[in-house]
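Chemist: Each chain, letter by letter, is given below.
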Amino acid sequence: MDYELPSEFDLIVVGTGVIESIVAAAASRIGKRVLHIDSNNYYGGLWASFNLDSINKLVTENELRNELDKKDLLKENETLYSVGNNAFNLKIQSQTWNLPEKLEEQNEVQTETVDAKEDVDVKVDESWTQEKLLKLSRKFNIDLTPKLHFARGDFVELLIASNIARYSEFRSVSRVLTWLNGQLEVVPCSRSDVFSSNKVSVIEKRMLMKLLTSCVDGDEKEFAGYENKTFQSYLKDRKLTGNLIHYVLYAIAMSTDDTMCLEGVKNTKRFLGSLGRYGKTPFLYSMYGSGEITQAFCRLSAVFGGIYALNQPLNGFIFNNEHTFRGVLCGQQRINAEHLVMSLEKVPQSVVDFSAKEYISRAIFITDRSIMESDKEHLTLLLFPSINGKRTCTILELGSLTGTCPKDLYIVHMFTKQYTSPEEDLKHCVEKLFYKQEESGESEIILPNILWSFYYSVPNTFNLGLKCEQLHNVYMCSGPDMDLDYDPAIAQAKEIFTSIYPDFEFLPRAPDPEEIIIEGEDNNNVLNDDNNEVEEHSDNRTEENLQTQRNID
Amino acid sequence: MEDFKFLFKVVLVGNAGVGKTCLVRRFTQGLFPPGQGATIGVDFMIKTVEVENEKVKLQIWDTAGQERFRSITQSYYRSAHALILVYDISCQPTFDCLPDWLREIEEYASSKVLRILVGNKIDREDREIPTVVGEDFAARHNMYFLETSAKEAENVEKLFMKIAEDLMQQARSKDLPRYDSITTNISGRTSSISDSNCCSKLT
Ligand SMILES: Nc1nc2c(ncn2[C@@H]2O[C@H](COP(=O)(O)OP(=O)(O)O)[C@@H](O)[C@H]2O)c(=O)[nH]1
Ligand SMILES: [Mg+2]
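Protein sequences, first through last, are from chains A and B.
Each position in the first sequence, counted from 1, maps to that position plus 1305 in the numbering used here.
Each position in the second sequence, counted from 1, maps to that position plus 16 in the numbering used here.
Think of the hints as simulated: they come from the structure by calculation, not from any bench.
Note that beta-carbon positions come from the ideal geometry of N, C-alpha and C, so glycine has one too.
One or more of the hints may lead you astray.
[To be verified] Here are some chain B residues pointing at chain A (derived, C-beta under 7 Å):
id	residue
1	Ile56
2	Gly57
3	Asp59
4	Val67
5	Trp77
6	Ala80
7	Gly81
8	Gln82
9	Phe85
10	Ser87
11	Thr89
12	Ser91
13	Arg94
14	Glu123
[Claimed, not checked] Some chain B residues flagged as far from chain A (calculated, every beta-carbon gap over 12 Å):
id	residue
15	Phe22
16	Asp139
17	Arg143
18	Ala154
19	Tyr160
20	Asp191
[To be verified] Quick partial rundown of chain A residues pointing at chain B, CB under 8 Å, derived from the structure:
id	residue
21	Tyr1348
22	Tyr1472
23	Glu1474
24	Val1507
25	Tyr1593
26	Glu1597
27	Gln1600
28	Arg1604
29	Ala1607
30	Phe1609
31	Tyr1613
32	Ala1614
33	Ala1815
34	Pro1816
35	Pro1818
Could you build all of it, start to finish, from the sequences and the hints given here?
Modeler: This is how it looks when you write it as structure tokens:
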């Protein structure tokens, strides 16, 4: 099955991250000829999800290729730029097993402890071994860039508006937690949560409801005078009690002590505005991992004629002497296109005259029980507030119902803005959630054990203002950012799409198959002359692209 | 709201050119398209059939051409109830690739998915893979086996009816792949949780 790629396109997209995939889908959707390639043999780049085996083997060094002997494929006045750089990839800090490799060895260890008759301290559940976990490797879908979706956020609205929603399934986040007075507490999110909470007094309930209402409905007058003050000072002036300020400031507004009032209000609105649509919290998580999202856009692109090829030997980008993009060199083949969109990791080293100013510290853990056990499996968002000068930290705990890990295990994702290193930046959270506190002797809480851990840094390239000054018809896509959802990614994809195709709608609704195909014997509208039938049955909402039937090759 | 009792997702895989798209179109539309059969913008096809007096809706997903460079998205396999693996009986390489396809299926599809092996294009004179070889392979891998011709409409109806019947039986004995019902479908029509007003355009 050695097919050759076609050699003329309107747009070549290199890299299958979220932004690249959205642009590819949007371009195919309006009938542009799109080639979407990746040198990786998986979808998603830095936004991908992996099974346990592959994440352990993850290679993050770009192989820099520059095949100068391919010069004969170039025309006069053309230059070849190598693909990729090492400035924008993720850096793995450590990958650690906290488990014996096999069962035999562990039995020995156990006999020893029994003989010693010392502490019957919390032990790793004797049944787990590295071997056993790796046998279940395929049941893991471990996100490099875990995301949640606001139920009324840009992402969900885009999925619905474009009809891409049919490729994905979601699960509601079932609880939002915070760390308050030395322990985990459930944040009351909805009106009914607030009223049923036994942590909040009746007076507090009224205060809280009133405050939330004024954040959502309040006009400018409500916040007059707070333009240069913090959200915390606003909350204090509203005479909220300490606990309430904690819930609103650190959880609902996902803010810190320094967050400005208007930003805090905006965040509060974002949170409250997504309540009550799908579940008990404002958030959804993509089944089988966040890596599915980029694939949903790629599928749409393919359905509209986009050509997909992973695992491609990308040998260079071709430019003319006005620095205008001409095409790519893929293996021995030259492929021409008018425009190039690429992931930041693929940008030629020689063009990279900027670097990331900020990094994200990230960690992933496989654990053997939930951070806060309950009679049912939860999908948890923990917003760890900034305490003792430490940064706020976003923590996500996923159980087997999300399709990202086997039964009886959990995956915990943590991330924060980088200060020193992932280990250092996240240490305070790890200690509180997974290690026994000396002081809290009375509690019988059994903390989860970390079976496997993975620390890594990702450059936060979102605010670099990526503009390719020296090259024409080239657009660069940032890597993962700190946003909980995909809002910045969608905004960037839309911006790129609009600069290439200013006169076209961005991801208009794709028709449903029901609108195209007529089934059942009771009508004889069987589609035998496709063009007419498609036109006839795909009501006004269907765009002209649909009416044309094209061959994929 | 809609008039069917069961909805099953059926996906097709196999090398490019073996006739997957033609099989789908033969079954759903009763035609054999000239040239390459893919229609731009058509994602999956739907046909409702009757099994034991019950309406069964089959949602049949095609690869969207992503198989050509071995770049099928994993999400394509998710939540499939049945999986049709197709090769071309007149083309040995399409048969030789079956183990690769099985590996991919095992990795991403549910272990309970109903798997069917199909040798297509039996109308052709230049057969390279004898029926028994296909049968053998299917038996070894626990698959149902059928030879078809999308062109001559041979066994195509039978293939999909067999799938509908088997899935229905599985559904009755509760042995279907279980796709958790608490998941949220946000597409705005299939699920009661979703908000049907939200299909408005984004401009
Ligand atoms: N002789 C014959 N040709 C077929 C049959 N089914 C498909 N083809 C041809 O095989 C080619 C590929 O078919 P297509 O359905 O596009 O294959 P796909 O890539 O697997 O979707 C087309 O030229 C079809 O006309 C069949 O049953 N008999
Ligand atoms: Mg096809």
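Chemist: If you test the structure against every hint from before, which numbers come out violated?
Modeler: Numbers 4, 5 and 24 - these are the hints that the structure violates, sorted from lowest upward.
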